[in-house]
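Please model the entire structure based on the sequences and the hints provided.
To convert a position in the sequence shown, counted from 1, into the numbering used here, add 132.
I should point out that these hints are in silico values taken from the structure, not numbers from a laboratory. Built from N, CA and C at the ideal position, the CB exists for glycine as well.
FRET-style restraints, in silico, Cβ to Cβ:
1. Pro218 x Glu135: 39 to 47 Å
2. Asp149 x Glu215: 31 to 39 Å
3. Arg182 x Pro229: 31 to 39 Å
4. Leu138 x Gly173: 16 to 24 Å
5. Ala158 x Phe219: 33 to 41 Å
6. Asp143 x Val230: 27 to 35 Å
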Amino acid sequence: RLEEGLHALRDINPLGDLEAAELMQADGIHVLVDLMGYTHGARTAVLAHRPAPVQVAFKGYMSTSGSSYVPLIVADQVSVPPELAPFYSEKQVYLSPVFAASTHATNHPEVFRSDAKVSRQAA
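Here you go:
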């Protein structure tokens, strides 16, 4: 059913990162949503080639990419609390209500040290 509503569906798995990015550009991709971040099997190098004018991180990896090529992250105030926003390279686009669960003490242990400025209760 999903394929019926798509202009094209491409398998980029056999392609190199640059080749995949060039294909996306040739297809005229306007918005590229990264669901993987730095998880196993991710193709972040494709994003580094900036194949789309708008590139955004969403759901699959709720920590920062630390990159300049993914300038936005779709989040909620639980997954990326406003007080942690300065630690992200991405600008947060907040959805409401909460859409994802996160344990910031695990994702950001450097922030939640006992001597850190942000308390565990704020997470």
